[in-house]
Structure formats: C-alpha cells, structure tokens
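Novice: So the sequence shown is numbered by my numbering: it starts at 1 and just counts up by one.
Note that these hints are calculated values from the structure, not bench results. Note that the Cβ used here is the ideal one computed from N, Cα and C, for glycine as well. All the pointers check out, no bait thrown in.
Under the rule of at most 20 Å between Cα atoms (straight-line distance), these lysine to any residue pairs were calculated in the SDA-like manner:
id, residue 1, residue 2
1, K52, V26
2, K313, D295
3, K52, T42
4, K307, L334
5, K52, P24
6, K67, I146
7, K313, I290
8, K385, I374
9, K313, R302
10, K52, Q41
11, K154, A173
12, K307, L333
13, K307, R296
14, K154, W176
15, K307, S332
16, K186, A74
17, K317, T331
18, K385, L334
19, K307, T331
20, K385, T336
Beta-carbon label-pair distances, calculated as ranges:
id, residue 1, residue 2, range
21, A20, V157, 22 to 32 Å
22, C308, L170, 41 to 51 Å
23, V10, N218, 46 to 56 Å
24, L46, I374, 12 to 22 Å
25, I230, P24, 25 to 35 Å
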Amino acid sequence: MAETVHSPIVAFASMLSLLALCPPFVILLWFTRMVLLFRLQTFGFLWENGVKGLINIWPRPTAIAWKIIFCYGAFEAALQLLLPGKRVETDQFTRSDRWLYLSIIFMLYVYELSCILLFRFGIFNPAIVYDHLGAIFSALIFGCFIFCVLLYVKGHVAPSSSDSGSCGNLIIAFYWGMELYPRISKNFVIKIFTNCRFGMMSWAVLAITYCIKQYEINGRVSDSMLVNTILMLVMDIAHDRAGFYICWGCLVWVPSIYTSPGMYLVNHPVPLGTQLAIYILVAGILCIYINYDCDRQRQEFRRTNGKCSVWGKAPSKIVATYKTTASETKTSLLLTSGWWGLARHFHYVPEILSSFFWTVPALFSNFLPYFCVIYLTILLFDRAKRDDQSMGNIGSCTAKKCDTGLFLVVSVVFSVFVSFIMTGTSERLKTTS
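Please model the complete structure; the sequences and the hints are all you need to start from.
Specialist: Structure, rendered in structure tokens:
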C-alpha cells in the first residue's frame with residue numbers, strides 16, 4: 001500500500017468511506033438546502049424511509065442540466081486554450097518532469113461581464129442554474145465518476161509523463177490518481193481544466209448566479225449577499241495527482257459545498273446594515289490579501305532562489321533535503337521570514353478565516369452554512385500533515401517552533417476576529433429588535 005500520513009488501515013477505510021458516502025451526502029445536503037429550505041429534518045426523513053427514501057429524493061439528470069454542464073465546460077476549455085496568460089512553471093517534487101501551463105488571469109472578469117450582459121438583454125437567465133441545481137449535481141456525480149475511471153485507464157495505457165503509475169492497489173490508485181499532470185495533446189492539461197477552470201471557477205459563477213436569483217425573487221440584492229459574493233469573487237493542489245480525490249472533489253464537492261452560504265442567502269436574505277457589512281467585508285478582504293501575500297512571498301523567494309527582500313530585509317531560510325519517488329536526493333529552500341516566520345503553515349490561517357467571513361453574512365440562525373468552515377478547517381489541518389510528510393527532513397527544533405507558532409496564531413487571530421464579529425452582530429441584532 002502507498003505511504004500515507006495515517007495508518008494504512010485508517011487511510012484505506014477513509015478512502016472507501018469517501019468514495020461511498022460523498023455522493024449521497026452531496027444529494028442529502030442539496031435536499032436539506034433546496035427542498036427543506038435548511039430545515040434540519042433530513043435525518044428524520046432517512047430514519048423513516050431508509051435507502052428507498054434516498055433513491056426517491058435523488059434528482060435525475062435532465063437534458064437541461066447536461067446542456068448547462070456541457071456549455072460551461074466548453075466555454076472553460078475555450079478560455080483555457082485561447083486566452084493569453086503568463087506562463088508558470090510547476091514545482092518539481094516527484095520526478096524530473098516540470099510542466100509548463102498557462103495561468104489565465106482574466107477569466108473571472110469575462111464571466112462577470114458575460115452573466116451581466118446575458119441577463120441584462122434577456123438572452124439567458126443565469127438563475128436557471130439555481131433552479132436546476134439538483135439535476136446538475138446529480139449529473140456531475142455520475143459524469144465525474146466516469147471521468148475518473150477514464151483517467152485511471154489513461155494512466156495505465158497512455159500516461160502523459162514518467163510521473164505516473166499505480167501503487168498496486170486499485171482503490172488507492174483510483175482515489176489518488178495515476179498521473180500528476182495528465183494531458184490531452186500538447187497544450188491541454190486535464191488537471192488544470194478540472195480543478196482550476198471548471199471546478200474553482202464554478203465557485204465564482206454560482207456566487208453570481210445566487211445574486212441574480214435573489215434579485216429575481218425579492219427585487220433586490222441584500223447587503224449580506226453582496227458581501228458574500230464579493231468575498232467569493234476575490235478568492236495549491238500541486239502535490240495531488242489527478243484522481244477521484246482531487247478531480248471529483250473540485251468538479252462536484254467545491255460547487256455543492258463551498259457555495260452553501262450564498263445558497264442559504266437566496267431564500268434567507270439577512271439585513272446586516274452598512275456598518276456591519278463593511279466590517280465583515282474589510283476583514284474578509286484583509287484575510288484574502290494576507291493569504292495571497294503569503295503565496296506571493298513564497299513564490300518570489302523560490303523564483304529568486306532566496307535572493308530577495310521580505311518585509312524590507314533579507315529572508316531567513318532552511319535548506320531542506322528530500323527524496324523523490326525515483327530515490328533521488330534533492331534540496332529545497334524553505335522560507336522562514338515574513339508571514340512564513342510566524343508559523344510553518346501560516347497560509348492556512350487566513351484561508352480558514354476567509355471562509356468564516358464569507359459565511360458570517362448568514363449570521364447564526366442556522367449552522368448549515370458553516371459546514372464549509374468546519375470542513376475546510378479539518379481539510380487544511382490534514383493537508384498540513386501531508387505537507388510535512390512530503391517536504392522531507394526539516395530540523396526538529398524548527399518544526400516544533402513553527403508548529404507551536406501555528407496553534408498560537410490560530411488561537412489568537414481566530415479568537416480576536418470572531419469576538420469582533422460577534423460583538424458587531426450582537427449590537428446589530430439589539431438595534432433591529
């Protein structure tokens with residue numbers, strides 16, 4: 001069995017559980033949000049009706065759903081191939097292959113303009129996506145499963161690079177994937193399309209769709225929806241192969257789970273008031289900026305091989321050694337200045353806080369919109385473990401110092417921000433009551 005962070009039995013059981021339970025969970029969450037309107041009656045329904053009840057509520061993929069998915073996917077693929085962008089070289093962590101791919105920075109603006117123009121001139125109403133979400137999620141579940149099977153077969157019969165292969169276990173190979181960067185032709189990287197284009201961009205597209213749907217229902221867009229949408233519009237996967245975990249996750253899990261706050265606000269508009277809305281928006285944008293600046297510092301540090309300034313002075317660093325899957329010993333420079341001097345995985349802190357701030361416009365009358373925050377926190381802590389494993393040998397004293405700093409930063413920053421928001425929310429609720 002492949003080497004994992006957890007014990008082999010726990011890792012294998014987790015993979016089987018996720019393969020079996022994630023698809024019905026997506027449908028049950030859709031049923032709770034869209035049919036029951038966030039009323040917590042799903043468990044009672046399942047207790048009474050069992051598997052038969054799940055089958056009965058499972059939406060059937062429709063022709064409209066497939067058409068929406070196909071048009072969106074074709075649009076994404078065209079943008080990936082045709083739009084100009086800065087060429088970015090991927091990091092080398094496993095074998096000798098280093099892929100070049102296009103980093104396209106104008107796609108979001110194309111989407112925004114397209115949605116507004118189509119809606120404004122009555123050519124297409126993006127709210128139809130909201131009306132057919134159940135059928136779309138169902139189609140994505142089945143379609144992406146077939147897609148992952150095809151990726152598994154491709155990894156066996158036609159790998160795109162030497163960085164491919166199976167660990168010998170079908171379930172693990174299917175779950176984690178066979179290739180790091182599978183390609184179709186020279187210029188089309190499948191993983192970039194599924195993860196960054198189709199998957200992640202659907203996040204922003206659905207945020208705009210929810211805004212339009214709320215406007216269609218209420219004749220206006222609430223300030224809470226605006227804050228949520230703005231933060232979602234301004235929102236690393238490089239070490240994961242293209243398999244069920246990353247591809248199905250980005251194609252199905254991201255659009256169905258990460259957009260929960262906006263989906264809630266469509267039928268539950270929350271009047272925040274100008275002051276509280278600005279507080280949340282500024283705090284959210286600050287967290288997003290810090291997250292981006294963390295990545296910028298690391299990328300600049302690696303690009304210049306450590307010969308740059310971080311916060312106005314020369315950076316400190318660790319020279320770490322690690323072995324590739326081909327048993328080659330390599331070195332890597334690890335930045336320990338700037339944001340990265342505060343904690344080893346500091347970039348996860350603003351990422352978790354960002355998810356909190358794009359959710360908190362829903363306030364606290366229902367906990368379901370906060371599922372994404374809880375899930376993301378668990379995911380990033382698990383990813384931190386995987387990052388530690390993949391990076392190889394680092395001094396134990398430094399690692400201990402950084403890990404201690406991480407928990408300190410998480411505790412202090414999160415407590416301050418949550419206290420700040422809770423205070424503002426309480427004052428707002430007192431004023432309106």
